[in-house]
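A.B. asks: Sequence:
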Amino acid sequence: QVHFVESGGGLVQPGGSLRLSCAASVSSFPNTVMGWYRQAPGNERELVARASSGGSIGYAVSVKGRFTVSRDNAKNTMYLQMNSLKPEDTAVYYCNTLPHVDAYWGQGTQVTVSS
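Using my numbering, the letters of the sequence shown correspond one by one to residues -2 to 112.
Bear in mind the hints are in silico, worked out from the structure with no lab data behind them. Don't be surprised by glycine CBs; every beta carbon is placed ideally from N, CA and C. Hints should not be assumed to be uniformly reliable.
[As the list claims (entries may be wrong)] Within a straight-line C-alpha distance of at most 35 Å, the following computed DSBU-like cross-link-like pairs (lysine-lysine) qualify:
#1 Lys72 to Lys61
#2 Lys72 to Lys83
#3 Lys83 to Lys61
[Stated by the list, open to error] With beta-carbon atoms standing in for the labels, derived distance ranges:
#4 Ala20 to Asp99: 15 to 21 Å
#5 Asn28 to Lys83: 15 to 21 Å
#6 Ser14 to Ala100: 27 to 33 Å
#7 Pro27 to Glu85: 29 to 35 Å
#8 Gly52 to Pro84: 29 to 35 Å
#9 Ile54 to Ser14: 15 to 21 Å
#10 Arg63 to His0: 17 to 23 Å
Whenever a hint applies, use it, and build me the whole structure from the sequences.
C.D. replies: Laid out in structure tokens, this is it:
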């Protein structure tokens, strides 16, 4: 059974940093393309970063240069280092496969950027 657990969110001031973690209970994790997604109030969920096991990485334009995605396949864990945070980064952040599977959405972790 596939299960993702996100953690590391919180309240941070503009310009601050946070590091999110995604713990995956999926045996094929090393071979699975993963994505970080976010959903702000009133908005649709959007993909912000992706990472394949082979090292292919991509970012949404809105976060490129500020966010860094990485993964530790030995620990079945993916990370999202978020720097220079802006109020518009406020959202619930989720991890999922890419393409996503609706049944795999977890609870997410809330990130709030506010002074």
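A.B. asks: It remains to establish, for every hint, whether it holds in the given structure.
C.D. replies: Going through the hints against the structure:
no.	hint	verdict
1	Lys72 to Lys61	26 Å, holds
2	Lys72 to Lys83	30 Å, holds
3	Lys83 to Lys61	13 Å, holds
4	Ala20 to Asp99: 15 to 21 Å	20 Å, holds
5	Asn28 to Lys83: 15 to 21 Å	34 Å, violated
6	Ser14 to Ala100: 27 to 33 Å	32 Å, holds
7	Pro27 to Glu85: 29 to 35 Å	33 Å, holds
8	Gly52 to Pro84: 29 to 35 Å	32 Å, holds
9	Ile54 to Ser14: 15 to 21 Å	19 Å, holds
10	Arg63 to His0: 17 to 23 Å	29 Å, violated
Consistency with the previously given hints fails for numbers 5, 10, ordered from lowest to highest.
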